[in-house]
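Heads up: the sequence lines are chains A and B, in that order. Residue numbering for the first sequence follows this note's numbering, beginning at 2 and increasing consecutively. Residue numbering for the second sequence follows this note's numbering, beginning at 63 and increasing consecutively.
Worth flagging that the hints you see were computed from the coordinates, not collected in a lab. Among these hints, one or two may not hold up.
Not the full set, but computed from the structure, chain A residues with beta-carbon under 7 Å of chain B [claimed, not checked]: (1) 30; (2) 40; (3) 43; (4) 46; (5) 53; (6) 92; (7) 98.
Note that beta-carbon positions come from the ideal geometry of N, C-alpha and C, so glycine has one too.
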Amino acid sequence: GQNIDQPTEMTATEGAIVQINCTYQTSGFNGLFWYQQHAGEAPTFLSYNVLDGLEEKGRFSSFLSRSKGYSYLLLKELQMKDSASYLCAVAGGNTDKLIFGTGTRLQVFP
Amino acid sequence: GAGVSQSPSNKVTEKGKDVELRCDPISGHTALYWYRQSLGQGLEFLIYFQGNSAPDKSGLPSDRFSAERTGGSVSTLTIQRTQQEDSAVYLCASTLRQAPNEKLFFGSGTQLSVL
Chain A
2 GQNIDQPTEM TATEGAIVQI NCTYQTSGFN GLFWYQQHAG EAPTFLSYNV
52 LDGLEEKGRF SSFLSRSKGY SYLLLKELQM KDSASYLCAV AGGNTDKLIF
102 GTGTRLQVFP
Chain B
63 GAGVSQSPSN KVTEKGKDVE LRCDPISGHT ALYWYRQSLG QGLEFLIYFQ
113 GNSAPDKSGL PSDRFSAERT GGSVSTLTIQ RTQQEDSAVY LCASTLRQAP
163 NEKLFFGSGT QLSVL
């Protein structure tokens with residue numbers, strides 16, 4: 002079967018660094034996405050990893066280890082506006098759709 | 063259009079009624095996806111279109127759910143004889159082409175409440 006696990010909720014302080022983990026078990030692998038979703042809004046694309054390693058994009062970085070079935074999203078210099086749900090999604094091998102985890106709700110406090 | 067547009071944004075209906083949810087993808091996007099998001103759950107895949115064809119309907123929960131796409135553009139998701147468990151946010155997304163590395167552009171969703 003296909004399974005994606007990520008923590009349900011996390012909290013952090015403004016200005017801090019937070020790491021959101023995602024582990025997956027899928028039939029085949031064609032890349033892993035992270036999306037951000039503010040309450041009541043549409044998910045928006047953050048990152049895509051298909052090769053092992055770290056991809057950095059401003060305050061956000063995403064890491065992938067295919068051998069471990071593991072990814073993380075790293076958010077630096079947290080701002081209040083980063084309070085949102087972060088969705089991990091995997092493109093499997095023989096599927097034409099993304100499989101999403103349940104999302105991690107991040108709350109940033111002053 | 064500039065983005066993916068969904069209507070209505072909110073729909074309240076009585077159990078047993080039929081509902082139609084509409085999605086206008088980004089102009090030129092050939093692939094269109096429907097997902098469902100229930101409270102505390104991840105996005106659940108329902109159906110996807112490539113052009114007007116639906117190669118993958120595997121996520122439709124029951125035969126009460128159907129979808130069509132016309133002119134390679136607008137899509138309608140129809141739920142017949144709605145049940146309370148159908149209450150959720152229905153999200154539509156489109157991509158320029160169907161490929162594993164294509165990022166999804168989502169609409170803001172239709173919040174469906176079945177009383």
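Worksheet item: Regarding the hint that residue 40(A) lies at the interface with chain B, is the smallest CB-CB distance below 7 Å?
Response: violated, 11 Å
Practice prompt. Have a go at the residue 98(A) hint: is there a Cβ in chain B nearer than 7 Å to its own Cβ?
Written response: holds, 5 Å
Worksheet item: Can residue 46(A) be said to touch chain B, with a Cβ gap under 7 Å?
Response: Hint on residue 46(A): holds, closest Cβ of chain B at ~4 Å, below 7 Å.
Worksheet entry | When the least beta-carbon distance from residue 92(A) to chain B is tested against 7 Å, hint result | holds, 4 Å
Discussion item. Quick check on residue 43(A) please, does its C-beta sit within 7 Å of some C-beta on chain B?
Written reply: Cβ of residue 43(A) sits 4 Å from chain B, so the hint holds.
Practice prompt. Would you check whether residue 53(A) satisfies its interface hint, that is, whether its CB is within less than 7 Å of any CB in chain B?
Written response: Violated. Min distance 16 Å.
Fill in: Interface hint compliance - residue 30(A) to chain B, C-beta minimum distance less than 7 Å
With a closest approach of 9 Å, the residue 30(A) hint is violated.
Consistency note: the structure conflicts with the earlier hints numbered 1, 2 and 5.
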